[in-house]
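Trainee: Spelled out from the first residue to the last, the chains are:
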Amino acid sequence: MAYSDKVLDHYNNPRNVGSLDKADPAVGTGIVGAPECGDVMKLQIKVNDSTGVIDEAKFKTFGCGSAIASSSLATEWLKGKTVDEALAIKNTDIVNELSLPPVKIHCSVLAEDAIKAAINDYKAKASTSKTAGVEA
Amino acid sequence: MKFPIYLDNHATTPLDPRVLDAMLPYFQDQFGNAASRNHAFGWAAEEAVETGRKQIASLIGANSKEIIITSGATEANNLAIKGVAEMYAERGNHIITAATEHKATLDTCKHLEKRGCRVTFLPVMQDGLIDLDMLREAITGKTILVSIMYANNEIGVIQPVAEIGKLCKERGVLFHCDAVQAVGKIPVNVITDNIDLMSISGHKVYGPKGVGALYVRRRNPRVQLTAQIDGGGHERGMRSGTLNVPGIVGLGKACEIAQKEMAEESVRMAALRDRLKDKFMAALDETFINGSLTHRLPNNLNISFAYVEGESLLMGINDVAVSSGSACTSATLEPSYVLKALGAGDDLAHSSIRFGIGRFNTEEEIDYTAEKVISVVRKLRELSPLYEMVKEGIDLTKVQWTAH
Chain A
0 MAYSDKVLDH
10 YNNPRNVGSL
20 DKADPAVGTG
30 IVGAPECGDV
40 MKLQIKVNDS
50 TGVIDEAKFK
60 TFGCGSAIAS
70 SSLATEWLKG
80 KTVDEALAIK
90 NTDIVNELSL
100 PPVKIHCSVL
110 AEDAIKAAIN
120 DYKAKASTSK
130 TAGVEA
Chain B
0 MKFPIYLDNH
10 ATTPLDPRVL
20 DAMLPYFQDQ
30 FGNAASRNHA
40 FGWAAEEAVE
50 TGRKQIASLI
60 GANSKEIIIT
70 SGATEANNLA
80 IKGVAEMYAE
90 RGNHIITAAT
100 EHKATLDTCK
110 HLEKRGCRVT
120 FLPVMQDGLI
130 DLDMLREAIT
140 GKTILVSIMY
150 ANNEIGVIQP
160 VAEIGKLCKE
170 RGVLFHCDAV
180 QAVGKIPVNV
190 ITDNIDLMSI
200 SGHKVYGPKG
210 VGALYVRRRN
220 PRVQLTAQID
230 GGGHERGMRS
240 GTLNVPGIVG
250 LGKACEIAQK
260 EMAEESVRMA
270 ALRDRLKDKF
280 MAALDETFIN
290 GSLTHRLPNN
300 LNISFAYVEG
310 ESLLMGINDV
320 AVSSGSACTS
330 ATLEPSYVLK
340 ALGAGDDLAH
350 SSIRFGIGRF
360 NTEEEIDYTA
370 EKVISVVRKL
380 RELSPLYEMV
390 KEGIDLTKVQ
400 WTAH
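Residue numbers (numbering that gives the first Met the number 0), protein chains in the order written: chain A, 0 to 135; chain B, 0 to 403.
In isolation and in its complexed conformation, chain A is listed as follows (with noise of 0.2 Å):
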């Protein structure tokens, strides 16, 4: 199977590898997939708490070349973007972007995953923390 360009590119120097600090409260952490499934993903966001705006997402995938492309390309896509633009994203822009084959859809898919998995936590975490605030 022949890998497109797009795919090879991020494989060969992935984006913003790496992790943020899980108890940061500004953190969101999605992690997906599972290993005997053959990937897992873990996307990290760090929202800017005045602006609402994505300033650093992170990754690390465990999966075939298109799974670390998929998650390489949304934590691309994610810096810059406020919360609720990063939930429009949409599995089939990355489908079309890296030009994944049929059988790679799932990757793309669990990239859309990691993506709100990370947002949700973010989400639940900012709740718990005004709460937190109300109560105190």
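Treat the hints as calculated values from the structure; they're not laboratory data.
Among the hints, a few may not be true.
Restricting the straight-line Cα-Cα distance to at most 27 Å, the calculated cross-link-like pairs of lysine-lysine (DSSO-like) are [to be verified]: (1) B:Lys397 <-> A:Lys21; (2) A:Lys115 <-> A:Lys78; (3) A:Lys115 <-> B:Lys397; (4) B:Lys378 <-> B:Lys1; (5) A:Lys124 <-> B:Lys397; (6) A:Lys122 <-> A:Lys21; (7) B:Lys390 <-> A:Lys21; (8) B:Lys276 <-> A:Lys5; (9) A:Lys122 <-> B:Lys397; (10) B:Lys278 <-> B:Lys1; (11) A:Lys124 <-> A:Lys45; (12) B:Lys109 <-> B:Lys81; (13) B:Lys378 <-> A:Lys78; (14) A:Lys115 <-> A:Lys89.
All of these numbers come straight from a predicted model, not from anything done at the bench.
Got chain A sorted already, so can you dock chain B onto it with the hints?
Mentor: Positioned in the frame of chain A, the structure of chain B alone reads:
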């Protein structure tokens, strides 16, 4: 060094130039049909076929009359299993095989299951070997055939074939052995191993593709088969079809070379394999050999680099041709059923790479491959959330994963 480096010799082997030289005259000058009894063209072809048959037989301790030429080992497996099931249907309908067999065996058995046969698929132990006691207990009065491979095509594990043969003989059950990966690599002898039917492939022994053979025992016991291809009654009526003369010449020559060089070659293969293995084990943690290391082909290394997905590793070593048990590299999107059968867990199957060393590989190629794989594994582990979690002390088996 020439790139890409070929280390996938369980999939196929390159044609030995000596084999090609032997074959060439039979494409043009000596083009006769081996079944033409009335002229020199046919006689020359027949003579070449008989020489090839003798060379094949000699390598496995058989008589040349016991060699049935086929199009390859898939056909040989089909002929052996279906042919026995049909011929001995009155005696019984039970077949025993193993979970780690090649698809040519498993799917043939599944086909027969739909036609009224009962098939036992023996599990294997963690090292890939079948449990002889389990085999002994599985044999019933209805059992007509045991089909167990000599050496596995993924993990290179060598089954206790002589013991299986002895057991089958004692119980009066025919023993078919798919010896595709073993013939020409390790000593195989149908007499001492008590094998009744044995499949061989040309292109796994530096011979041509499109030719193989089925050994069918003629004495003690005389094995009979129902033909699966009808026609002119070639090959003692067991397999009709004009003989592939250049192919048979090639398979014969390949067997002759193997017989002369195997002893020396296997030592060299094992040294290269161990060199590769030792480099991996010295440089990388969390690296596991799949299958027994003691009962193993000298040229096989199947290894899992935990927390690194196989296809992504293949992508990083694109100037080395190997294969992976990862789901992403298979047509079915399922990880290797052979590795799953070892019970090591799907995650290690996804992380597995099979190295198949061959006659033409050099130490320089092994060293290059080792270095390349090690650097890509390190890079991918930097990228792996699983490796990070393990280093943080998280037990991955306790994590609630979102399977998809």
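Trainee: Hint by hint, say whether it matches the structure.
Mentor: Quick rundown of the hints versus the structure:
1. B:Lys397 <-> A:Lys21: Holds, at roughly 19 Å.
2. A:Lys115 <-> A:Lys78: holds (15 Å)
3. A:Lys115 <-> B:Lys397: holds (23 Å)
4. B:Lys378 <-> B:Lys1: holds (25 Å)
5. A:Lys124 <-> B:Lys397: Roughly 23 Å between the alpha carbons, so the hint for Lys124 of chain A and Lys397 of chain B holds.
6. A:Lys122 <-> A:Lys21: Between Lys122 of chain A and Lys21 of chain A the Cα gap is close to 13 Å, so the pair holds against 27 Å.
7. B:Lys390 <-> A:Lys21: Judged against 27 Å, a Cα distance of about 16 Å means the pair holds.
8. B:Lys276 <-> A:Lys5: violated (34 Å)
9. A:Lys122 <-> B:Lys397: holds (25 Å)
10. B:Lys278 <-> B:Lys1: holds (22 Å)
11. A:Lys124 <-> A:Lys45: Holds: Lys124 of chain A and Lys45 of chain A sit about 12 Å apart, inside 27 Å.
12. B:Lys109 <-> B:Lys81: Between Lys109 of chain B and Lys81 of chain B the Cα gap is close to 11 Å, so the pair holds against 27 Å.
13. B:Lys378 <-> A:Lys78: Roughly 24 Å separates the two Cα atoms, so the pair holds.
14. A:Lys115 <-> A:Lys89: holds (10 Å)
Of the numbered hints given earlier, the model fails hint 8 alone.
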